[in-house]
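Asker: For reference, the chains in residue letters:
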Amino acid sequence: METIKIRVRINGREYEREVEPRLLLVSFLRDELGLTGTHIGCDTSHCGACTILLDGQNIKSCTMFAVQADERDITTIEGLAAESGKLHPVQEAFWKHHALQCGYCTPGMVMSAVAFLERQPSIEEQEIRRGIAGNLCRCTGYQFIVDAIQELAQAKITGTGEGTGESK
Amino acid sequence: MYPSRFAYQRAENLTEALTVLDECKDAIKILAGGQSLIPLMKLRMVSLPRLLDVGRLQELHGICQENGLLRIRALSRHADLERFLSPPGLEMLREGARVIADPQVRNLGTLGGALAEADPAGDWPAVFLALDTSVVCRSVNETRRLSIGDFFLDAYTTALKPEEILTELEITLPRAQSGSAYLKFERKSGDFAIASAAVMVEVGSSQEIRRIGIGLAGVGLIPMKASKAEAVLRGQRFEPEILRQAGEALMNEIEPLADLRGSSEYKRNVAGVLFQRAFTIAWERAGRASRPEA
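Sequence order for the protein chains is A and V.
Using our numbering, read the first sequence as starting at 953 and increasing by one per residue.
Using our numbering, read the second sequence as starting at 41 and increasing by one per residue.
Since the hints were derived computationally from the structure, they do not count as laboratory data.
Keep in mind the model is a prediction, meaning the values are calculated, not measured.
You can trust all of the hints, since none of them are fake.
So the derived label-pair ranges between C-beta atoms look like this: (1) E984(A) <-> S44(V): 16 to 24 Å; (2) D983(A) <-> G327(V): 54 to 62 Å; (3) E1079(A) <-> C104(V): 27 to 35 Å; (4) M85(V) <-> E984(A): 20 to 28 Å.
The C-beta atom is built at its ideal place from N, Cα and C for all residues, glycine as well.
Looking at chain A on its own, in the form it has when it is part of the complex:
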């Protein structure tokens, strides 16, 4: 079995591994590195549960091979909260607004929210919904998710509160 050596920076830490070309990035994160915060939902590129940040952009880790991530910078849900356990502002807002029901979509939803707020913070509900259009919540609990993002966008635009900050 052919393997290829890759070096990836994940949540600020360098990892070097030999991987089979067909290994999906999400499986690399979960099975090889034990970073199980990133979920597998549909496994067909629809649901967004596996969303991570690749060089700051939200992408679906079930639709990328680990070899493609060589020399790239990745942030997963595990990389958001501070070492001290203090939550990232987006996690904090999700907690405050109870923006989750079963929680399965939450890691992906949070990563997309982080990317949206970094990229184009808007308080328009339609724009926020467009921003999370690649993340499905089977509990259909979108309203509180939108509320949480809206509050952060508002804070970011008016410059009050902590904003979304950078991942650590």
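The hints should help you fit chain V onto chain A, whose structure is shown.
Answerer: Same frame as chain A, but now just chain V:
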């Protein structure tokens, strides 16, 4: 879900990529953004022995304007076009980009990949068929410029040869009195089009339709240019009756396939309605561009 095993290599520059393709021809396939290819491989609808990853080729990145042309290189992400400040008349580039799949797919999926895949319901083929677009295909020995009308041959089949890479699109920049619009009708957010219509129009000096381009998606086996509807409109003064006639011509020249997104008749009607709406928006934009500032 895992794809079947394949060998992987990453090209570091275009020359290397073209050399590999020239040696391997059909035995190797190009991986760019992977947003269509990887799902197909995971579902084992395709099984490929070798992949050549072109994702890092710096030569294929970037969008620029020069000599009356807009050059969009093949590895431009859909998200790049979504954020791109379109030149006047090319409003539909952003409108097309905005409705492709979802943000995550737009961050990885590439323009060149979408065109080379030639999905008959894809958004980019319709948009670029409405414009004066050349597809630049490079191999070790040759650079070919194909009119986009000659690029799509059959369902998921293009004129691209196995040893070629689609490197960029060249779009003639519209004249000042131009406008465009892209409208898509979808079953749910991020889906492929039930039908979509891209319209580009230029207003002439006596308020006639000087140039017209119409591209359609979801209406047949290949992305389609509505040549008959274009012929009805070209050179005419715009009035509701002529637009209705063009809509009739358009509905008669398409053969939508019935599938889970609707019957043939339904799609035919959707395409006709979308075309008329898109034309109206494009015409309005062109008119605004051609009127002196009030």
